[in-house]
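Read top to bottom, the protein sequences are chains A and B. Using the working numbering, the first residue of the first sequence is number 1, and each one after it goes up by one. Using the working numbering, the first residue of the second sequence is number 260, and each one after it goes up by one.
It should be emphasised that the hints constitute simulated quantities derived from the structure, not laboratory data. Accuracy of the hints is not assured; some may be wrong.
Selected chain B positions facing chain A (Cβ under 8 Å, derived; list incomplete) [what the hints assert, rightly or not]: (1) Pro402; (2) Gly403; (3) His406; (4) Pro542; (5) Glu544; (6) Tyr545; (7) Gly550; (8) Leu554; (9) Ala557.
Bear in mind that the values here come from a model prediction, so they are computed numbers and not experimental data. Glycine included, every Cβ here is placed at the ideal spot set by N, Cα and C.
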Amino acid sequence: MVDQHEFLTVHGCRVAIRRQGLGPPLLALHGMDGASSFGPLTQRLATRFSIAVPSHPGFDDSDTPEWLDGISDLANFYLEAIYRLDLRNFHLVGTSIGGWIAAEIAVRDSTRLASLTLIAAAGVRASGATMGDPFLWSPEAQVRNLVYDQTIATAQLQAPASEDELDRRLKNRFTSAKLVWNPRFYSPELQKWLSRLRVPTAIIWGANDKLFPVEQAHEFKRLIPHSMLSIIPQCGHLVHVEKPNELSALIFNFTRQGA
Amino acid sequence: MKFYFFHLMPYGALDLDYVKTHESAWLTLPNSYYDPIQGHRLYHRYLGELRLADLLGFEGVCVNEHHETAYGLMPIPGVIAGALAYTTKTAKICVLGRALPLLNNPLVVAEEYAMLDNISGGRLIAGFVRGIGVEYHASMTNPGESHGRFQEAHDLILRAWTEPGPFAFEGKYYNFLYVNIWPRPYQKPRPEIWIPSQGSAQTIDWTSHPDRKYTFLHTFSPITAVRKFVGQYKKRCEDYGYSPSSDQLGWALPLYVAETDAIAQREARGHIEDFFNKFLRAPTEYKLPPGYTSLESARAVLSGTLKVREQHLSFEKLIELGMFICGSPSTVVEQLERHHYEMGIGRVVTMLQFGTLPPEQTEKNMRMFAGEVMPKLRHLR
Chain A
1 MVDQHEFLTV HGCRVAIRRQ GLGPPLLALH GMDGASSFGP LTQRLATRFS
51 IAVPSHPGFD DSDTPEWLDG ISDLANFYLE AIYRLDLRNF HLVGTSIGGW
101 IAAEIAVRDS TRLASLTLIA AAGVRASGAT MGDPFLWSPE AQVRNLVYDQ
151 TIATAQLQAP ASEDELDRRL KNRFTSAKLV WNPRFYSPEL QKWLSRLRVP
201 TAIIWGANDK LFPVEQAHEF KRLIPHSMLS IIPQCGHLVH VEKPNELSAL
251 IFNFTRQGA
Chain B
260 MKFYFFHLMP YGALDLDYVK THESAWLTLP NSYYDPIQGH RLYHRYLGEL
310 RLADLLGFEG VCVNEHHETA YGLMPIPGVI AGALAYTTKT AKICVLGRAL
360 PLLNNPLVVA EEYAMLDNIS GGRLIAGFVR GIGVEYHASM TNPGESHGRF
410 QEAHDLILRA WTEPGPFAFE GKYYNFLYVN IWPRPYQKPR PEIWIPSQGS
460 AQTIDWTSHP DRKYTFLHTF SPITAVRKFV GQYKKRCEDY GYSPSSDQLG
510 WALPLYVAET DAIAQREARG HIEDFFNKFL RAPTEYKLPP GYTSLESARA
560 VLSGTLKVRE QHLSFEKLIE LGMFICGSPS TVVEQLERHH YEMGIGRVVT
610 MLQFGTLPPE QTEKNMRMFA GEVMPKLRHL R
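Just need the whole structure built from these sequences, with the hints factored in.
The following block contains the structure:
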């Protein structure tokens, strides 16, 4: 399986894209920690899909363009990128704020989508259910609060990080804050128009998500009635890190059903 | 050298045992710790101290803005400044300052400051700040927009003060069809402007620009940082082709004067330690939301160079770092004189009440400072 890195320039912004695998096209949109934590998931998905994993504008090795103010800028950016990459009848998968971007894309134009998978996605607010505030969490809490299995967190905290890796994390945290600060982690506009979606949609959530409480999964389900909802027990926010087997199995199963 | 009396109006009645159960006196410390009966008493006491400063001959009386904290009880500093504008006679009224990016309508500051300037008969000094990092958590203002909103709000206020209205204003963050404030400022063309700062490179560059030449007021920092940032400010002025006047260089810090060094130490020690370690206590994530500083500054914080305030600051450490000047009148005079000659600082914003410092000691500190320190330094230009 060849793992290819390439760059694409859209709207004056150069972004890094990793491509992997053979099969029907799948675009995977990462969360606040950038594209690198997708490894375990994309390895599995690449056995059946031709995957593209871009680093969003403002993340990882991608440019940080002047025009980047909010999630809707990224949705419009990706609509143009999808056209330029000539993706057709493709599966769109997003986790956390990547799920928010995916939902914004789908609401604007889902004609090229075969399916939509939202994993622990930002974008809607479940009234009365309090989200976590990762911008007040200590560096240790930022790791511990995102997974249920604390042995994963301990291993991450003990793993040495290079200067480049620390810089990458800081850049991703800066861009994340800018995108989600207020309204925090959701869009009233998106919430209003999600009901437009006709594309087959899966909503997947960790039962123990401390960032986006599981009530948010039910809110997505309420707003997209035809969607399929799966809640993974003993799992925190980083579903793709903590339960890559269960997650890829759900995606395989759903895309066969839905597509 | 000119001397200004600054008050934070802290909630001095705070139960300092809060540190056993809460990580900060800001943002998340439950406001059940606040007792309005004590608050009423403190507001009256502090207003009295500010009025006393006017009578003692301080050049100005200063207030500022903080939100959701026991550190300072002036979320709306204009309330206090309004009382002072009416009750004081000669001192400048310095609001240091309003946090512009937190506002959705910065014209309210143009209006508020114009009112203060009219009521006081032209005694207002207008301070503009970005607000410290924790205010961005409290107000939900996007920290990544801090500089952009600050500069745009400033431009709007300046135009509102100096251009005939009504006119339209088009910005990225602020848009108005009718800018036409009543009253206009009393001073012509406008009140003097100060920029309190902790030394952001962008702020230094902007403040020193020949179009502005605003007073750069460095606040509550180790002397090495004051030296560094005042130096950078002067360097920027020189790069722009002029030498800053001593009026353009300000320093704000706590001081304590008593009969002898030993008495001063004994009387101030516990109060100043509590001020820095308990009233100012907040984790890095509170103080530096992502985007509030540049990426480069944030890297410097992570690598530990700006972590001074994370450690416990003992009295000795505070003196060593030059974050606090304390001693007999001659000790204090000698140190301020040295800083004046070394850095050219012309304006000293003194904080003579801090944290839990009680009324008798505050008044004694004020009288000794005004009587035995100020007269020896006023002639320095």
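Each hint, compared with the structure:
Satisfaction of the interface hint for B:Pro402 is found here, the shortest Cβ-Cβ separation to chain A being roughly 6 Å, below the 8 Å cut-off. With a least beta-carbon distance of about 4 Å to chain A, the hint placing B:Gly403 at the interface is held under the 8 Å criterion. Using the Cβ-Cβ criterion of 8 Å, the hint placing B:His406 at the interface with chain A is not satisfied: the shortest such distance is roughly 12 Å. The closest approach between the C-beta of B:Pro542 and any C-beta of chain A is roughly 6 Å, which is under the 8 Å cut-off, so the hint is satisfied.
At a threshold of 8 Å, the smallest CB-CB gap from B:Glu544 to chain A is about 5 Å, leaving the interface hint in force. With a least beta-carbon distance of about 7 Å to chain A, the hint placing B:Tyr545 at the interface is held under the 8 Å criterion. Residue-level restraint check for B:Gly550 holds (minimum Cβ-Cβ distance to chain A is 5 Å; threshold 8 Å). For B:Leu554, the suggested interface contact is upheld, since its CB lies about 6 Å from the closest CB of chain A, less than 8 Å.
Among the interface hints, the one on B:Ala557 holds; its C-beta lies about 6 Å from the nearest C-beta in chain A, closer than the 8 Å criterion.
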